[in-house]
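Residue strings, one per chain:
Protein chains: 2
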Amino acid sequence: MKRRTFLQSSAALAAVPLLRNTPPGATLALGASHAPLRVNGARLNGWLAKFDSVGRTPTGINRVAYSDADLAGRAFTLDLFREAGLNPRIDTAGNILGRLDGTDRSLKPILIGSHVDSVTDGGNFDGPVGSFGAIEVARSLREQNVRLRHPLEVVVWTNEEGGTVGSRSAIGHITPADLDKVARSGKTIREGIGIVGGNVAKLSEAERKKGDLACYMELHIEQGGLLEKAGLQIGVVEGIVGLRWFEVTITGFANHAGTTPMDQRQDAMLAAAKFAVAVNEAVRSVPGRTVATIGRMVVSPNTTNVIPGQVVLTVDLRDLDAAKITHFTDRFAQIGQEIGTATKTTFDIKQSVDTAPAISDPQVMAWIDGAAASLGFTRQRMPSGAGHDAQEMSRIAPMAMIFVPSVGGISHSPKEFTKPEDVVNGADVLLNTVISADRAST
Amino acid sequence: MKRRTFLQSSAALAAVPLLRNTPPGATLALGASHAPLRVNGARLNGWLAKFDSVGRTPTGINRVAYSDADLAGRAFTLDLFREAGLNPRIDTAGNILGRLDGTDRSLKPILIGSHVDSVTDGGNFDGPVGSFGAIEVARSLREQNVRLRHPLEVVVWTNEEGGTVGSRSAIGHITPADLDKVARSGKTIREGIGIVGGNVAKLSEAERKKGDLACYMELHIEQGGLLEKAGLQIGVVEGIVGLRWFEVTITGFANHAGTTPMDQRQDAMLAAAKFAVAVNEAVRSVPGRTVATIGRMVVSPNTTNVIPGQVVLTVDLRDLDAAKITHFTDRFAQIGQEIGTATKTTFDIKQSVDTAPAISDPQVMAWIDGAAASLGFTRQRMPSGAGHDAQEMSRIAPMAMIFVPSVGGISHSPKEFTKPEDVVNGADVLLNTVISADRAST
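Protein chains in written order, with our numbering: chain V, 4 to 445; chain Z, 4 to 445.
You may find that some hints are simply not true.
Said to hold, decoys possible - Below, a list of computed lysine-lysine pairs in the DSBU-like style, where the Cα atoms sit at most 30 Å apart: (1) Lys347/Z x Lys422/V; (2) Lys190/V x Lys53/V; (3) Lys190/V x Lys353/V; (4) Lys422/Z x Lys184/Z; (5) Lys213/Z x Lys232/Z; (6) Lys213/V x Lys184/V; (7) Lys347/Z x Lys232/V; (8) Lys53/Z x Lys347/V; (9) Lys422/Z x Lys53/Z; (10) Lys422/Z x Lys347/V; (11) Lys347/Z x Lys418/V; (12) Lys212/Z x Lys184/Z; (13) Lys184/Z x Lys347/V; (14) Lys353/V x Lys184/V; (15) Lys213/Z x Lys184/Z; (16) Lys111/Z x Lys205/Z; (17) Lys422/Z x Lys232/Z; (18) Lys111/V x Lys205/V.
Please keep in mind that the hints were generated in silico from the structure rather than gathered at the bench.
Start from the sequences, fold in the hints, and give me the full structure.
Below you can see the structure in the form of structure tokens.
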């Protein structure tokens, strides 16, 4: 009995009726236990395999935004839109958009998608899995004659890796200063948007307002090792962590390594080391998933026989809970103060990046959970430690993400890999989540 | 009575009879309390002031070995030798040597001197104080008609700052590989020796054998802050510390700063920080004057949002006691092992430089002590934390050094400064130490 209750509850949330040949606008029988739909997984993995040659270099995938390889990747993607019958257009920000009309003209669009640009020396899965997965979902719906009530829009955002430029444009969060920044390709973002077919002078035409969308969903590789370690197939993303970057300048006094006794030093390196150890201990001593990383350190004069007079280091702090980010910001300042006093150095801490956590919508997560359950996939709720276009969309629409495992937790590397079956699992979950969203949302 | 005993004892060691107008070869009245001799301090400081314009740049003194400024400095110095009647010659290593004959042809030379080359962006006192001080001592002896029993040789070593090249040549410790090294000037040492008037093909002609010299003494600025802090005028150097350099390569695994939980990291930066803190604590927990410095750190990939996969750092370890250097070499390896295990990283520690401590001769130190006492100068015994040509000479002759205070303990910097009165004090001590050595040694 208990088992049956669980199945009913699961079905109520997520079981997807077989919509094939259902007449447009037909009322769905809630609670009926129909089999979930499936995408054409072989086709999806075929696209990914073919795409692997676009921007491939000896050191990895190099489809950095606005480069020739990025343009080649976008041309490839536009063809997939066309083959899917999605009649693609490029908005003024350079995002690629396609659309399947719904049966109810009063309903807002459901938006799904990701990106196809890469980091320098990256892999073939970060972005393309979710982009091609979304195109495949739309194509499968058409091929299987499933007509949604809502319009379904598929988006491939431009320049995600350079700071979610396309999705930030779509929510009106791009400043003139952002446009003047030089991207990895060597072009400014202003130039780049023109290169990919946008129009900076009419950027506001790409904007969506709060409430314009029914919801936004994005399939992505995890880029970490939690799913693999737990032996699970699907991650239901509870949100994208907030991110704060600090630049810490530690000033001591450069002096002779041989003639300066240990108790008369103002050693910026020792102060930096104590800071790095204390930051790590502070974060690990509080339960939760906070991460703090000291990834960069520049030492002056950086000479074997001179006590360092200055160290500049960075701290990357992330958590899903904004209160924890505030807590650790204060804690790091306090640690710097204490170590500065103890080592006769000064700490100057500047905040350089500050992104608020983007919390997933509980209803969208429930649809994902239900879709995964109907497909029999093992899964867990988890935060995204990396940034995504979804974090921008969360500011204007109910958002959630679907994660599939990254082998070895490796990403932003030529070693990045997600198994073909996991790619298909993710697209199947996205497909059935779209159907749940279509059925339920208004 | 006690006080009188002390004065007698001090006089027995060091009091210098007034030798002016003493006929050559005259027997000195030991135990008599004559006034010490004095150098021409104004002249010595005048030379230093004039020399300050040679190689002066906006960022400091740049008389790096074999540069045009070094050649100009050597020309200036050769003139001082000539004016002092020292009839200078350049040996095959490029060292400048002058000589005052003694009255007893059976006695070995007393050698005094230092260097005039500088580091990049250095000061005007490291080297010239001892070089010009030695020339002034010889000139004062001549002018005051003091004839020594021993020959007195004055040396200005070439390329001290590039690894005591001149003095190592003089003890036969230069290898063909050393000659191929590129000096700060951009020239190889092989080229440089030719440029300053030496002859690499006949380098062995510059060699002195063990027992060739009566003793070697060098006046130098302290380059640290111990004398200033203690309010003392003269340092009697007990020896030059042994030096060992280590290059430590810490290998972890580079990964995403956002998606890798704190307990799944192999963070080379964290391991490096723990190592730096532990090395500092290890050295400070053992009483004594050991110094250990982590002066250089190179991080890969050194990016704010990537957990560092590799850190290469250096350790500079110094002590006058060779047993302590051995002890800490083992201790650092053990610390690396422990931290590597705890942080899932590997430590590879390579030794790159290894110089044994150079211990001063007790008799030469006693002469310095006595000379300083006869002049009424406050003083202490102390190690030299920096390397000097004296460390090479200690391998073949009884050696000791005389230190004068460095203002603020600053050296190898344009801020390097030693007060004129301290320069004169040091030269006066050297003068009277030479006389004590001449009287006593054979």
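Now for the hints, and whether the structure bears them out:
{"no.": "1", "hint": "Lys347/Z x Lys422/V", "verdict": "holds, 27 Å"}
{"no.": "2", "hint": "Lys190/V x Lys53/V", "verdict": "holds, 27 Å"}
{"no.": "3", "hint": "Lys190/V x Lys353/V", "verdict": "holds, 28 Å"}
{"no.": "4", "hint": "Lys422/Z x Lys184/Z", "verdict": "violated, 36 Å"}
{"no.": "5", "hint": "Lys213/Z x Lys232/Z", "verdict": "violated, 38 Å"}
{"no.": "6", "hint": "Lys213/V x Lys184/V", "verdict": "holds, 27 Å"}
{"no.": "7", "hint": "Lys347/Z x Lys232/V", "verdict": "holds, 17 Å"}
{"no.": "8", "hint": "Lys53/Z x Lys347/V", "verdict": "violated, 37 Å"}
{"no.": "9", "hint": "Lys422/Z x Lys53/Z", "verdict": "holds, 15 Å"}
{"no.": "10", "hint": "Lys422/Z x Lys347/V", "verdict": "holds, 27 Å"}
{"no.": "11", "hint": "Lys347/Z x Lys418/V", "verdict": "holds, 21 Å"}
{"no.": "12", "hint": "Lys212/Z x Lys184/Z", "verdict": "holds, 25 Å"}
{"no.": "13", "hint": "Lys184/Z x Lys347/V", "verdict": "violated, 38 Å"}
{"no.": "14", "hint": "Lys353/V x Lys184/V", "verdict": "holds, 20 Å"}
{"no.": "15", "hint": "Lys213/Z x Lys184/Z", "verdict": "holds, 27 Å"}
{"no.": "16", "hint": "Lys111/Z x Lys205/Z", "verdict": "holds, 23 Å"}
{"no.": "17", "hint": "Lys422/Z x Lys232/Z", "verdict": "holds, 15 Å"}
{"no.": "18", "hint": "Lys111/V x Lys205/V", "verdict": "holds, 24 Å"}
Of the hints listed earlier, those the structure fails to meet are numbers 4, 5, 8 and 13, in rising order.
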